[in-house]
Amino acid sequence: MSSTDLDGAVAAKNEGNDHFKQQNYTEATKCYSRALSLCPPPHPQAAVFLKNRAQCWINLHAYDKAVSDCAAALQISPSDIKTLYRHSQALEKTGKMVEAFRQVQVLLRIDPKKKEAVQMARRLTVELKKQAESMQSTDRMVQEMLAALSTPATPLEKQVKAAKNLAILSREVAGAEKIFAAGGATKLMGILESSSSPDLLNHTLQTLAGLCLGHRARAHAVLQTVSLERLSTLMASANSSVTSSAVSILKHAMLATTGEDTRSPPHPESALVTADTAVVVPVIQMLLLSLVSREISADARDFIVELLLRTLPQANLGEIFLREGLVARLLVLATETSGVKEGVVVRMSSDCHMNVSIALSTLHAALGNDKQKKKELQEKFCSNATGFVLGLLSEEEPREPDLWADGPRCPHPGCTGGRQRCVWGGVRAEESVEGCSFGGCGVSDGGGRGVGSRCVGQGSLSRG
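Under UniProt numbering, the first residue of the sequence shown is numbered 1, with each subsequent residue one higher.
Hints are computed from structural coordinates only; laboratory data are not their basis.
Where a beta carbon is used, it is the ideal one built from N, C-alpha and C, also for glycine.
Honestly, I wouldn't trust all of these hints.
Claimed, not checked - Have a look at the derived ranges for each label pair, beta carbon to beta carbon:
(1) Ser241 to Gln119: 47 to 53 Å
(2) Ala153 to Thr125: 40 to 46 Å
(3) Lys30 to Asn239: 53 to 59 Å
(4) Leu392 to Thr94: 53 to 59 Å
As the list claims (entries may be wrong) - List of simulated lysine-lysine pairs, DSSO-like, C-alpha gap at most 27 Å:
(5) Lys65 to Lys115
(6) Lys21 to Lys93
(7) Lys93 to Lys113
(8) Lys187 to Lys129
(9) Lys161 to Lys21
(10) Lys115 to Lys129
(11) Lys178 to Lys93
(12) Lys158 to Lys129
(13) Lys82 to Lys93
(14) Lys178 to Lys158
(15) Lys113 to Lys130
(16) Lys161 to Lys178
(17) Lys30 to Lys65
(18) Lys21 to Lys65
(19) Lys93 to Lys115
(20) Lys96 to Lys82
(21) Lys164 to Lys130
Work out the full structure, taking the sequences as your base and the hints as a guide.
As structure tokens, this is what we get:
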């Protein structure tokens, strides 16, 4: 660095000091930033610019930026009293009490008589003691509520109250950790299996959704504990709140998998494919089956489409949804008559067609970041859509590869029919077999009402 650059940096710092004295903190940060660009770390002067800018951030209540600047300054000058104190201040303001206490202890070892630091240490000691007592109280409360839910003799009203309190606790990081550590996921599964109370089921599902929120490992554990088959059944509940909460578990689990929720750092796009496909794909397959199911309500269908709109843009979920046949499932809904009335096979709200259109547009836009790959995936999207439409216009079986290709036995829980793949959810059945034995399929129960070979019970083709 030249002497000219250093002189310019010092001049910028002095200008920043003038702005600071006039309480013009935003302009001061710009000056200190200019000084840092001319005289960056690890030059000793950079520590001065950083700690000055940190004080501006504190005054502007931008505490995270202050923490970052102080940490960088301490890398250059680890014993600077002002920097240590400002770092402690910023850490305290961001709620990092333990780190703030440790930093102020370092400061007091260097300067035991600094009055402000002594006062901060006392204040933090009191706060940390309160937090410890609160954590112990939370532990006891979680144990008591889980015990109430696990005891069959507990009155329903008390169980509902316990589940509601757990749902509230699960929305906080510390609360979710306590519930999970106490075996909450496993204990709550018992409620999902045994209870018929909509309120109890709703709050229990909300708690499990809270455990999934922003935490990949917990989300995986919840999905392993609460089977997709059970969630599928709950999504078909006549109670809208139960349905919404069941869908929320899947939404938060998928977002945690991609690192999109704010509690966990983002993961690179490749992480989903290498680490989480085994978790995500079964969830997507179940969602697609439910999307066109006759068993779920119009509200439930809207909740699923809303989930699609929230998750499609994340990582490479759009590509996976495309591969699993989302285009055809959405087009099945697009061809259905809107409204809930007798004779309508797939119950839909008045907003469903509009939401389906938005979902198709969102999927098309979310297909890949690489230009060439995006082009290929969007061509596949168009091919899938064209194949579906041509299939509706033709008397022959459509040839859309994702929806009609031969494959393994039906993945739907409870289905024993189909030598290839059953018609449940809109996939092909062999001519010589009866088709899907699942009760929701129009082929097996005679409920399919369509033209020619099209089973509109699930918007699929049956040749049986």
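Outcome of the hint check:
Between Ser241 and Gln119 the CB atoms are about 49 Å apart, so this pair conforms to the stated range of 47 to 53 Å. In this structure, Ala153 and Thr125 meet the distance hint of 40 to 46 Å, their C-beta atoms being roughly 44 Å apart. Taken as a hint, the range 53 to 59 Å holds for the pair Lys30 and Asn239, whose Cβ atoms sit roughly 56 Å apart. For Leu392 and Thr94, the Cβ-Cβ distance of about 57 Å falls inside the hinted range of 53 to 59 Å, so the restraint holds.
Restraint check for Lys65 and Lys115: the C-alpha separation of about 25 Å stays at or below 27 Å, so the hint holds. Among the hinted pairs, Lys21 with Lys93 is consistent with the structure: their alpha-carbon atoms are about 23 Å apart, no more than 27 Å. Simply put, Lys93 and Lys113 have alpha-carbon atoms about 23 Å apart, close enough for the 27 Å limit, and the pair holds. Among the hinted pairs, Lys187 with Lys129 is inconsistent with the structure: their alpha-carbon atoms are about 31 Å apart, more than 27 Å.
Among the hinted pairs, Lys161 with Lys21 is inconsistent with the structure: their alpha-carbon atoms are about 55 Å apart, more than 27 Å. Restraint check for Lys115 and Lys129: the C-alpha separation of about 22 Å stays at or below 27 Å, so the hint holds. Pair hint Lys178 plus Lys93 holds up; C-alpha atoms about 24 Å apart against a cutoff of 27 Å. Between Lys158 and Lys129, the direct Cα distance comes to roughly 31 Å. Violation of the 27 Å bound is thereby established for this hinted pair.
Taking the CA atoms of Lys82 and Lys93, the gap is about 17 Å. The hint holds against a cut of 27 Å. Of the supplied pair hints, the one linking Lys178 and Lys158 holds, its CA atoms being roughly 21 Å apart against a limit of 27 Å. About 26 Å separates the Cα atoms of Lys113 and Lys130, which keeps this hinted pair within 27 Å; it holds. For the proposed pair Lys161 and Lys178, the alpha carbon gap of about 18 Å is at most 27 Å, so the pair holds.
This hinted pair checks out: Lys30 and Lys65 have alpha carbons roughly 14 Å apart, not beyond 27 Å. As the CA atoms of Lys21 and Lys65 are separated by approximately 20 Å, the hinted pair is consistent with the 27 Å bound. Of the pairs offered as hints, the one joining Lys93 and Lys115 holds, with about 19 Å between alpha carbons and a cut-off of 27 Å not exceeded. The hinted pair formed by Lys96 and Lys82 meets the criterion: a straight-line CA distance of about 19 Å does not exceed 27 Å.
For the hint pairing Lys164 with Lys130, the CA-to-CA distance comes to about 25 Å; that is within 27 Å, so the pair holds.
When each numbered hint is compared with the structure, violations occur for hints 8, 9, 12.
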